[in-house]
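A.B. asks: Read off the chains here:
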Amino acid sequence: MKVFGIFVVVCLAFASARLTCEHKTPKIPDDWIDMSSICVKRIRSHVTEELKAAMQYMAMGAHFSKDVVNRPGFAKLFFEAASEEREHAIKLIHYLLMRGQLTSGVSDMIKRNLAPSTIIWSDGASAIRDALQLEASVTKKIRELIKTCEGEPTFNDYHLVDYLTGDFLTEQYEGQRDLAGKLSTLEKLMDSHGALGEFLFDKKLL
Amino acid sequence: MVLGIMKTVILLLTFAALALCADDFCYKDTQRACSPTSSKLVTGVPNCNAKYGAIDKLQSSLQKYTNELLYRSFDFLLMSTFYGNYIKNRPGFEKLYRTYSDSLWNDGIELIKYIETRGGTMDFSNIPNNILNLENDGSESKPSPKPNWELNEYTSLAKALDLEKELAEDIFKIHLDADSLKPGQHDAEVVHHIEEEFVSKHRDAIRKLSGYTYDLGKLLDTPDASLAVYMFDEFLQNDKY
Ligand SMILES: [Fe+2]
Ligand SMILES: [Fe+2]
Numbered sequence: 001m002k003v004f005g006i007f008v009v010v011c012l013a014f015a016s017a018r019l020t021c022e023h024k025t026p027k028i029p030d031d032w033i034d035m036s037s038i039c040v041k042r043i044r045s046h047v048t049e050e051l052k053a054a055m056q057y058m059a060m061g062a063h064f065s066k067d068v069v070n071r072p073g074f075a076k077l078f079f080e081a082a083s084e085e086r087e088h089a090i091k092l093i094h095y096l097l098m099r100g101q102l103t104s105g106v107s108d109m110i111k112r113n114l115a116p117s118t119i120i121w122s123d124g125a126s127a128i129r130d131a132l133q134l135e136a137s138v139t140k141k142i143r144e145l146i147k148t149c150e151g152e153p154t155f156n157d158y159h160l161v162d163y164l165t166g167d168f169l170t171e172q173y174e175g176q177r178d179l180a181g182k183l184s185t186l187e188k189l190m191d192s193h194g195a196l197g198e199f200l201f202d203k204k205l206l
Numbered sequence: 001m002v003l004g005i006m007k008t009v010i011l012l013l014t015f016a017a018l019a020l021c022a023d024d025f026c027y028k029d030t031q032r033a034c035s036p037t038s039s040k041l042v043t044g045v046p047n048c049n050a051k052y053g054a055i056d057k058l059q060s061s062l063q064k065y066t067n068e069l070l071y072r073s074f075d076f077l078l079m080s081t082f083y084g085n086y087i088k089n090r091p092g093f094e095k096l097y098r099t100y101s102d103s104l105w106n107d108g109i110e111l112i113k114y115i116e117t118r119g120g121t122m123d124f125s126n127i128p129n130n131i132l133n134l135e136n137d138g139s140e141s142k143p144s145p146k147p148n149w150e151l152n153e154y155t156s157l158a159k160a161l162d163l164e165k166e167l168a169e170d171i172f173k174i175h176l177d178a179d180s181l182k183p184g185q186h187d188a189e190v191v192h193h194i195e196e197e198f199v200s201k202h203r204d205a206i207r208k209l210s211g212y213t214y215d216l217g218k219l220l221d222t223p224d225a226s227l228a229v230y231m232f233d234e235f236l237q238n239d240k241y
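Chains as they are written, first to last, in full-length UniProt numbering: chain A, 1 to 206; chain B, 1 to 241.
Heads up, a few of these hints could be off.
Chain A side only, calculated, beta carbon under 8 Å to chain B, not exhaustive [as the list claims (entries may be wrong)]: (1) Lys52; (2) Gly61; (3) Glu87; (4) Lys91; (5) Leu92; (6) Ile93; (7) Tyr95; (8) Leu102; (9) Ser104; (10) Gln133; (11) Ser137; (12) Lys141.
To be clear, the hints were calculated from the coordinates, so they are not data collected in a lab. Quick reminder that beta carbons are idealized off the backbone N, C-alpha and C, glycines included.
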């Protein structure tokens, strides 16, 4: 009996020693949360698109860092582009947070499927050409995103559409112009002096 | 005449084969590339690379570790994201996990550059089992429960601490391989690089997180735990804590 009494006391002591780790979830009005669910879903998957682009650029950076490729200027350009793409993903995440999203379903937003598809390029020009194509495909996806989010019959998401148009599309078009210009200069340099042209262009990128 | 050419070809092929098995024949490669008779037979200078030491043996585990760094950086990004929503609303935690995410991302890029410096290549599909959420129980791999990055404050610190320890121990394993005195496996330069770049970084993160976990545990054990977490988060926003 005595032993049982002690047991109960110990149990009670343990019960009261339990830490309160979860705190109350406050009741917040939610009429301000007005994004359409399909639009949210598309933005969430575009986060993955940006991260995939990041990893693709990362593979380009890795390729041009190889001892038997040795184009540090190209490598620098692509590694920097990789981190920029990651920033784009984070910008979208922050936008969703600002609009009251991402209170749940966060854990499965980024999956383990980001390995890049292409990992080898025959020369610098072909990598820049791939980069330009990658950017064009991302631009297309952002345009589709815009269509989804403004085309909703009941809710045109003016603010998001403005953000995507003004911020993201501007960056896409400027980036594409930059890549196209680089490719043009490089191809002209390589017209009659292939190896030398690429070597010089690489040093200009440093 | 034909016999003579054949003899030369056989001789050259034997020579090429010999050169490929040897370990220091860049000079011969370049000689061959410059020689008027054989420059068309063997293209390039296959032995003129940056490889030495045990990089071939260690490359795969370095690739795995790079992928671990990159995917863990995404995991920390998700933890940070969760604390940035309006219900959690903990800017201190959001900032803390974002810092870890950024630093792992940069470490991943730097490790790729390092692998390439040593003449290796990066393989983005060489992802370790702990990242693929596969538990290796000896017989076969099976998926473990889905990762959950939507944790309360106290357990999220514990999770972060565990992750940092895992990263620290995984690089120790590569260090052990590189430091083993078995011939063909020893690589003093990899050992040095790991010590220089990773070892103390992990030590500091682990110490910091264990301190945070201790403090928050103490603070939660007070009558107003909810207020305590608010204060703790305020301190996390401060760089001095
Ligand atoms: Fe982008
Ligand atoms: Fe981009």
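A.B. asks: All hints are to be evaluated individually against the structure, with a verdict given for each.
C.D. replies: Results of checking the hints against the structure:
At a threshold of 8 Å, the smallest CB-CB gap from Lys52 of chain A to chain B is about 11 Å, leaving the interface hint violated. Contact between Gly61 of chain A and chain B, as hinted, is supported at the beta carbon level, the nearest pair being about 7 Å apart and thus within 8 Å. With a least beta-carbon distance of about 10 Å to chain B, the hint placing Glu87 of chain A at the interface is violated under the 8 Å criterion. Because the smallest distance between the Cβ of Lys91 of chain A and any Cβ of chain B comes to about 12 Å, over 8 Å, the interface hint for this residue is violated.
With a cut of 8 Å, the hint placing Leu92 of chain A at the interface with chain B is violated, because the nearest CB-to-CB distance is about 11 Å. A least Cβ separation of about 5 Å between Ile93 of chain A and chain B falls short of the 8 Å threshold, and the interface hint therefore holds. Look at Tyr95 of chain A: its Cβ only gets to about 11 Å from chain B, farther than 8 Å, so that hint breaks. Interface hint status for Leu102 of chain A: upheld, as the beta-carbon distance to the closest one in chain B is roughly 5 Å, under 8 Å.
A least Cβ separation of about 7 Å between Ser104 of chain A and chain B falls short of the 8 Å threshold, and the interface hint therefore holds. Hint status for Gln133 of chain A: violated, given a least beta-carbon distance of 19 Å to chain B, over 8 Å. Hint on Ser137 of chain A is violated. Least Cβ distance to chain B is approximately 19 Å, over the 8 Å limit. Proximity of Lys141 of chain A to chain B is violated relative to the hint, the smallest CB-CB distance being about 20 Å (cut-off 8 Å).
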